[in-house]
Amino acid sequence: MALLEMNHIRKHFGGLEVIKDISLKVNEGEILSIIGPSGSGKSTMLRCATMLETIDSGEIIYNGERVAWVEPDGKKVYPKGAKMKEVGSLFGLVFQNFNLFPHYSVMKNITDPPIHNQKRGRDEVFAEARQLLKKMGLEDKENAYPCQLSGGQCQRVAIARALALNPKILFFDEPTSALDPELTGEVLKVIKSLADLHIAMVIVTHEMNFAREISDHIIFMDQGVVAVEGSAHDVFNADHARMQAFLGKLQH
Amino acid sequence: MSVIFYGGTMRFSVMLQQLGGGMLKSMSIFALTLLFALPLGLFVSFGRMSKNKILQGAMKVYISIMRGTPLMLQLLAVYFGPYYLFGANIGGGYRFTAIIIAFSINYAAYFAEIYRSGIESMSPGQYEAARLLGYSKSSTFLKIIFPQVIKRILPSMTNEVITLIKDTSLAFSLAYAEMFTIAKQIAAKETNFMPFLVAALFYYVFNALVAFLMERLEKSMSYYT
Amino acid sequence: MRKQILVSCLCLSMAASLMGGMSVSAEETGLNTEGKLVVGFDAEYPPYGYMDDNGDYTGFDLELAEALCEIEGWELVKQPIDWDSKDAELNSGSIDCIWNGFTMDGREDAYTFSVPYVNNSEVVITAENSGISSLADLAGKIVGVQADSAALTLLEEGGDQADLGATFGTLQQFADNNTAFAELMAGSLDAVALDIGVALYQINRREGYVILDEYLNAEKYAIGFKKGNDTLAEIVNKDLGILYENGIFMELAEKYEIADMVCLADTLGLAEAGTEAETEAE
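Chains as they are written, first to last, in our numbering: chain C, 1 to 252; chain A, 1001 to 1225; chain G, 2001 to 2282.
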């Protein structure tokens, strides 16, 4: 059974159709990368999966249960209240711009959501947070505030914050795009290290080598549709003009 | 200088005592206005930003009237309004209440716009992050958004609060014996301006104190940007 | 008046229709609160109502009101008011009367008055060395006056001295006489027009200022009640008679240096107070 299934998703903003009938599937522990030129709808796909945007047609299925869909008459059905909380606890999202809470220390950024929103024990959460920080190479930054950290450090805190809620699937929305090139490496390294945790990841990225290395499955999106998909090897060697043009552009 | 010092017979200590008593009344107007206007302003700003067009429009009108007419007229309107509107006999006990109502609804309008500027300046990312981390709408606002809003609006709030101290003197139009009213009365009796000088000093010291406290508050939030 | 008009505008100007139906509370005494006389006064109006050296409100009128309350067994509430708002204060019931060197002439239609008790005059103060010695010399000069005061009514269009007022360079209004006097001292005003009692109070505390020999008018002070409140006016009239007979009235007049201005004896049809034990013929 797939952890996440998105079927026949459509989304438009005003008159512009950003996603045109896309379907995808993520299995437990699987790593999916979504690549493609800017404006191809990659980030919108993530925002639909995390319900920051509502879909205009199609359905979203988590753990085999249909949680969001659009009725034939156009009525959008989304979970509410406790149900939404339950669904929401399955996934986490790492933003391009981190979106850490600037008035909270690193520790509080990570521990407040599990303590306050999942009602978990303080000691347990703190112990887990310290482990996460160690994994992120930030064990000495517990009491620092986001403004005292580099972009790379901020993004690692944001990853720890998302992981602290124990999601089954973690979405990354261009996690390194806001970073200087020299800081990109440290974040990618951390994401790679998460593979051992065996949680599913969906990564929107422009880092082709990284995507090739880490992904079980890759989707190349172009103009709101899936242009190519398959294993890393299949996608990067596909005989697809747009795909090759895109890769060529990146290499320059 | 003769205009200031000439002809007084009231002992200086008595004058200080009188003005001090007036100062306490000014401070109670100040404190009660903040107590009511700060939360009221927040609710007005919610209404102003509401998706409900009627509520939004009503708040717009409210803010525009409060900011567009002199506070002194509002004081008179609140106090004498029940009589002019309904022919009600307002009796004596309503004076202070009217002052607090007028000040609170006036300042709430200004505070509402300051809150709005702060709330609207927050990036949507903060709301989205909070939502994905499982915060409810109310805790998102109370724990994540509002503390940051306070930090952003503190300088404009300080301005308003200091203006309020000086505005308390407008209560003289309802003859409430706050400090400025007392100063005017002593000045008339003494036929000199010395009481105004003392009153100015009192206002200044009170202002300086408030400015100092606001600065401390601002510093206490300067640990992040 | 301008302020009141604006206020009623703010109140959606429903006032007029409702005021027509208003009537004074039909209590025995005509008081807004039984047993409590709330006297509205301008606390910047020595010697009639002002703050004394100890910070208490006092003055000829307030002490008189005190004595009257003793007779009736009422509690006196001294309520300072902003002079501009006196009508609203009175009509809305937040005070029972205006008792404060209140000129009745020209205001007969707007209030119910007690019997007059002080002969007042509106006069003009100038600096001794100003070269102004008669009302005619005020032509082209800047003259100050308290807003909403009897002096203003007199000098404005429609007043008895409107022709004189028209000769002034400017007729400048002030919230209170003290400010006007400060301007006079500072030289930005040439003269101030005001009640003689207040004028005497001001010039007795300073050197170099005089009252012009020519008065603007002769008028009378009375206690003002809400139009139609005859009940309270009659009680006060009766008590004024008592206070005159027992000598308290004249005692207070002496104390506040206005003894040669009072006229209560004439208006009540009484002889000089004191020895002659004439009873009131009511």
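Possibly wrong hints are sitting among the right ones.
[Said to hold, decoys possible] Simulated coverage check for chain G against chain A, where a stretch passes if three residues somewhere in it have a Cβ under 8 Å from a Cβ of chain A:
#1 2041-2055
#2 2091-2102
#3 2148-2159
#4 2171-2183
#5 2217-2226
[Stated by the list, open to error] With a cut-off of at most 20 Å between alpha-carbon atoms, the simulated EDC-like pairs for lysine to aspartate or glutamate come out as follows:
#6 C:Lys80 - A:Glu1128
#7 A:Lys1137 - C:Glu53
#8 G:Lys2255 - G:Asp2109
No lab work stands behind these hints: they were computed from the structure. Quick reminder that beta carbons are idealized off the backbone N, C-alpha and C, glycines included.
- Assess, step by step, whether the Cα of C:Lys80 is no farther than 20 Å from the Cα of A:Glu1128, and give holds or violated. 16 Å, holds
- Has the given pair, A:Lys1137 with C:Glu53, been kept, meaning a C-alpha gap of at most 20 Å? With a Cα-Cα distance of about 17 Å, the restraint between A:Lys1137 and C:Glu53 holds, given a limit of 20 Å.
- Message: For the stretch 2148-2159 of chain G, count the residues whose Cβ lies under 8 Å from any Cβ of chain A; is that count three or more?
- Response: violated (count 0)
- Message: Count the residues of the stretch 2217-2226 of chain G whose Cβ falls closer than 8 Å to any Cβ of chain A, and tell me whether that reaches three.
- Response: violated (count 0)
- Within the assertion that chain A covers the stretch 2171-2183 of chain G, do at least three residues meet a Cβ-to-Cβ distance smaller than 8 Å? holds (count 5)
- Going straight from one Cα to the other, do G:Lys2255 and G:Asp2109 come out at no more than 20 Å? 33 Å, violated
- Message: Cut-off 8 Å, C-beta pairs, minimum 3 residues; does the coverage of the stretch 2091-2102 of chain G by chain A stand?
- Response: Our answer is that it holds, as 5 residues pass the Cβ test (under 8 Å) against chain A, meeting three.
- Holds or violated: the stretch 2041-2055 of chain G covered by chain A, criterion of 3 or more residues with Cβ-Cβ distance under 8 Å? Result for this restraint: holds, n = 10.
Violated hints for the displayed structure, listed by number in ascending order: 3, 5, 8.
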